[in-house]
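Enquirer: Residues per chain, in single letters:
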Amino acid sequence: MSKKVFTIKFAGPAGMGIKSVGQLFSKILIAHDFNLSDYSEYPSLVRGGHNTCQISFSQDKVFAPHYFIDILFSIVPNHWPQHLGEFTKDTLIFSDEQIDQINPEFNQKRKGKFLSLPLKTLANEIGSAQVVNTISLGVAAYLFNFDLELTKTIVCGFYKNFCDLNARAIQSGYDYAKTNFSKYKLNLIYKPTTKTTDFYEGNEAYSLGFLAGKGDFYCAYPMTPATGALHFLAAKQEAYPNLKVIHAEDEVGVANMAVGAAFAGARTAVGTSGGGFALMNEAMSLCGVSEVGVVYYLVSRPGPATGIPTYTAQADLLHAINSGHGEFPKIVIAPGDIDESFEMGYQSLNLAAKIQTPVIVISDKFLGESSTSTQDLTKIKPEIDLGDIEKNPNSDYKRYQYSQGGISPRTIPGTQNGQFLANSYEHDEYGFSTEDATTAKKMFDKRNSKYKLALKLAPKANLFGNKSAKKLIISWGSTKGPILEALKNIKNSSDFAFLQLKTLWPINPDIKKIIDGFKEIIVIENNGTGQLVSILKSQFDFNPQKIHLKYDGRPFFPEEIVKKLNN
Amino acid sequence: MPTNYRSSITPTWCPGCHNYLVFAAIQKNLSDLNVDSSNLVMNYDIGCAGNFADFFKTYGFHTLHGRSIATAMGEKIANPNLFVCVIGGDGGIYGEGLNHLVSAVRSNINIKVFVSNNFLYSLTTGQTSPTTPKGSRTKSTPTGNINVPVDPVKLIKSINPDVFVESVDNRDMVKLNDTIKRALEFPGFALVDMIQECVAFGKQLNS
Ligand SMILES: Cc1ncc(C[n+]2csc(CCOP(=O)(O)OP(=O)(O)O)c2C)c(N)n1
Ligand code: SF4
Ligand SMILES: [Mg+2]
Chain A
13 MSKKVFTIKF AGPAGMGIKS VGQLFSKILI AHDFNLSDYS EYPSLVRGGH NTCQISFSQD
73 KVFAPHYFID ILFSIVPNHW PQHLGEFTKD TLIFSDEQID QINPEFNQKR KGKFLSLPLK
133 TLANEIGSAQ VVNTISLGVA AYLFNFDLEL TKTIVCGFYK NFCDLNARAI QSGYDYAKTN
193 FSKYKLNLIY KPTTKTTDFY EGNEAYSLGF LAGKGDFYCA YPMTPATGAL HFLAAKQEAY
253 PNLKVIHAED EVGVANMAVG AAFAGARTAV GTSGGGFALM NEAMSLCGVS EVGVVYYLVS
313 RPGPATGIPT YTAQADLLHA INSGHGEFPK IVIAPGDIDE SFEMGYQSLN LAAKIQTPVI
373 VISDKFLGES STSTQDLTKI KPEIDLGDIE KNPNSDYKRY QYSQGGISPR TIPGTQNGQF
433 LANSYEHDEY GFSTEDATTA KKMFDKRNSK YKLALKLAPK ANLFGNKSAK KLIISWGSTK
493 GPILEALKNI KNSSDFAFLQ LKTLWPINPD IKKIIDGFKE IIVIENNGTG QLVSILKSQF
553 DFNPQKIHLK YDGRPFFPEE IVKKLNN
Chain B
414 MPTNYRSSIT PTWCPGCHNY LVFAAIQKNL SDLNVDSSNL VMNYDIGCAG NFADFFKTYG
474 FHTLHGRSIA TAMGEKIANP NLFVCVIGGD GGIYGEGLNH LVSAVRSNIN IKVFVSNNFL
534 YSLTTGQTSP TTPKGSRTKS TPTGNINVPV DPVKLIKSIN PDVFVESVDN RDMVKLNDTI
594 KRALEFPGFA LVDMIQECVA FGKQLNS
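Taken in order, these protein sequences are the chains called A and B. For the first sequence, my numbering puts the final residue at 579, and the numbers step up evenly by one. For the second sequence, my numbering puts the final residue at 620, and the numbers step up evenly by one.
By construction, these hints were calculated from the structure, which means they are not laboratory data. Note that the coordinates shown come from a computational prediction; the quantities given were computed from them, not determined experimentally. One or more hints might be untrue.
Unchecked claim - Anything over 12 angstroms on all C-beta distances counts as not near chain B; from chain A, calculated: (1) ASN254; (2) ILE396; (3) ILE559.
What the hints assert, rightly or not - Pair by pair, the computed Cβ-Cβ distance ranges are: (4) PRO394(A) with ASN573(B): 55 to 61 angstroms; (5) LYS248(A) with LYS570(B): 34 to 40 angstroms; (6) PRO116(A) with ARG519(B): 55 to 61 angstroms; (7) THR450(A) with GLN540(B): 30 to 36 angstroms; (8) THR390(A) with THR538(B): 53 to 59 angstroms; (9) LEU398(A) with ASN560(B): 44 to 50 angstroms; (10) GLU438(A) with LYS552(B): 49 to 55 angstroms.
Idealized CB from N, CA, C, for every residue including glycine.
Using the sequences plus the hints, can you model the full thing?
Expert: Encoded structure:
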């Protein structure tokens with residue numbers, strides 16, 4: 013292989029199967045033992061507009077999609093000029109246009125080789141205008157030297173009832189490329205370094221983690237980019253008879269139903285994005301005071317308000333940490349990749365059960381809706397922590413008994429002698445309302461003391477790279493992939509270490525010790541104000557030398573990070 | 414022997430408040446039906462009506478204002494074996510939380526909702542509520558309420574005629590008991606709208 017990572021992009025209007033062709037390409041890659049990382053962009057529309065799906069792949073691990081593309085397919089004409097900036101001199105641009113028909117202004121600006129691909133004519137020969145995406149896939153299969161029969165089998169498995177049609181489309185693209193583009197063929201030799209078994213979107217991985225963690229109540233109101241988890245879990249109810257997935261009337265209903273379900277004994281999560289999460293705030297506060305453990309899967313998108321619904325941002329970190337009125341313990345954790353999305357799916361349920369308080373898993377559109385190849389997540393059987401449950405309470409059972417560490421065993425409704433009042437008012441050890449000053453303070457202290465165990469159990473930070481380097485990059489969440497991919501490609505990679513915070517609240521004091529071991533601190537965040545910086549500043553003396561922010565709705569690409577680190 | 418659902422806390426409503434009647438009637442009928450208090454979950458809204466919470470000793474949830482039905486639905490869906498009830502006021506159930514009521518009625522979920530309908534927000538000292546008659550002067554509508562009131566029975570029946578919904582005047586104790594009994598026995602969603610006068614703030618409604 014001459015080049016380590018290849019990047020392909022499919023572009024076209026919504027409704028033309030851009031996502032499908034991307035997914036198929038990924039499936040074919042997996043069958044050839046490639047590693048991959050993908051990224052899709054789509055407008056908040058059902059038809060029209062400009063959709064893209066790009067996939068970076070390699071025989072080594074690919075942590076994030078690359079910015080510069082090697083091959084672009086414009087599925088219908090004119091869906092490539094949007095990407096002029098992503099072309100290099102070697103980029104191949106396939107489109108169903110003659111070069112003399114193209115707007116000369118674009119053509120002049122463009123780098124790369126423009127190759128005319130008569131998709132419409134080929135599709136008409138096959139007898140369906142719909143298969144232009146599959147024909148492009150046939151061209152790609154030829155260029156990347158994929159096994160033609162394997163490619164057809166995968167495409168057939170995907171399109172089931174339209175197997176024959178799509179198999180012919182693959183053949184047509186393949187043959188056309190063989191005749192016309194043979195000089196661009198990449199004679200890839202397959203020498204896999206790892207065995208990849210599947211690829212997952214973050215939302216899927218989170219949902220699989222939720223199921224592996226014996227999650228049995230998931231409640232949501234559709235909101236991009238969290239909806240993937242609702243769809244995925246709703247479809248699992250047949251296979252998991254105890255699982256209840258509810259699409260409730262609004263997010264206020266979602267959050268309050270979740271409180272009831274968790275109180276009744278279910279391992280419960282809700283899913284939403286920023287706007288819906290705002291509506292859940294009062295119920296989260298209720299969980300805090302009544303000590304009911306609920307998980308909030310918050311998949312961010314750019315705000316304020318409706319914002320840019322189908323794009324990405326890490327702009328809700330402070331919102332998550334400060335959510336819910338009043339003061340109560342809360343745990344905020346952020347997965348950085350697909351495997352961590354899976355892990356936090358069950359870890360969050362364990363934490364909610366054990367600490368009996370709200371747990372927020374904060375992801376974003378980039379992580380939630382992008383895929384990366386990894387191990388078979390369905391095979392993993394995590395440890396389940398149901399928390400402290402009182403099965404045989406005595407006749408004077410106190411649900412909110414003061415205790416060392418603040419955790420009092422709970423009873424589940426149905427348990428004899430376990431009756432108690434869960435209360436949104438401040439309450440005594442039985443749960444009955446109180447306005448007594450001494451009790452109010454004692455109850456606050458009891459709840460707050462749970463932070464100690466939370467700190468012990470919440471996921472620890474990752475430290476990557478050269479631990480004795482001078483420079484430390486600090487980040488959280490979905491920027492992990494682009495940062496690791498940048499460090500893989502940057503020349504002076506041994507100059508850097510990278511600290512990925514997985515628990516954003518409470519902040520572990522050990523973080524300070526790690527940071528103090530480095531001379532130069534560089535923070536990278538996908539938001540406009542440096543929210544992690546504010547949080548760390550609130551905890552200890554923290555003065556990063558550089559803060560790199562991005563807040564245009566797009567994720568960081570590794571190339572951008574390399575450039576920033578080199579500056 | 415009747416089942417005891419009482420906590421040791423003495424109720425705190427105004428002397429003469431109809432909620433004492435409601436409290437007695439609900440306890441009697443739960444006991445007549447032999448509902449096991451360890452399998453019973455009472456959900457309380459916020460308001461004077463929600464203040465039943467401390468006086469019962471069953472599994473209970475004193476929820477948020479308007480959200481008691483949503484919380485109750487979560488419990489019932491998570492564990493259908495539980496006997497799940499809601500007690501709230503006209504403000505919480507027909508106002509703040511109306512969307513949850515609509516949702517529960519549409520699904521005909523087997524929960525029992527008891528509404529102390531006193532035509533006012535009483536705990537907050539007497540403002541207009543969704544059932545306040547048009548023209549009534551309240552603290553928040555000193556020149557008279559301009560809105561027509563919600564008719565809960567008509568509203569609910571128009572959404573789903575298969576659920577149980579009846580209005581009853583609390584002064585008719587026999588009818589109140591009978592209605593609560595039938596609601597508790599109904600194999601689906603049941604709501605009893607219990608018409609009552611708030612002795613502290615109700616006078617202004619007729620002024
Ligand atoms: C979100 C929220 N908004 C407002 C309040 C204040 N509040 C408490 S009770 C109440 C109204 C109660 O009226 P109703 O439900 O009819 O009960 P009543 O007191 O009349 O029995 C209000 C507005 C609150 N507790 N929570
Ligand atoms: S204010 Fe009205 S509703 Fe509240 S306790 Fe007094 S009489 Fe009853
Ligand atoms: Mg009222």
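Enquirer: Hints first: check each against the structure and report whether it holds.
Expert: Hint by hint, here is what the structure shows:
For ASN254(A), the requirement that its beta carbon stay farther than 12 angstroms from each beta carbon of chain B is not met, with the minimum near 10 angstroms. Non-interface status of ILE396(A) relative to chain B is upheld: no Cβ of that chain comes within 12 angstroms, the nearest being about 17 angstroms off. In this structure ILE559(A) is separated from chain B by more than 12 angstroms, as the shortest Cβ-Cβ distance comes to about 39 angstroms. For the pair PRO394(A) and ASN573(B), the supplied restraint of 55 to 61 angstroms is violated, since their beta-carbon distance comes to about 42 angstroms.
Between LYS248(A) and LYS570(B) the CB atoms are about 36 angstroms apart, so this pair conforms to the stated range of 34 to 40 angstroms. A hinted range of 55 to 61 angstroms for the beta carbons of PRO116(A) and ARG519(B) is consistent with their spacing of about 60 angstroms. Taken as a hint, the range 30 to 36 angstroms holds for the pair THR450(A) and GLN540(B), whose Cβ atoms sit roughly 33 angstroms apart. A hinted range of 53 to 59 angstroms for the beta carbons of THR390(A) and THR538(B) is consistent with their spacing of about 57 angstroms.
Between LEU398(A) and ASN560(B) the CB atoms are about 49 angstroms apart, so this pair conforms to the stated range of 44 to 50 angstroms. Between GLU438(A) and LYS552(B) the beta carbon distance is about 27 angstroms. The supplied range of 49 to 55 angstroms is therefore violated.
Violation of the numbered hints given earlier is confined to hints 1, 4, 10; the remaining hints are satisfied by the structure.
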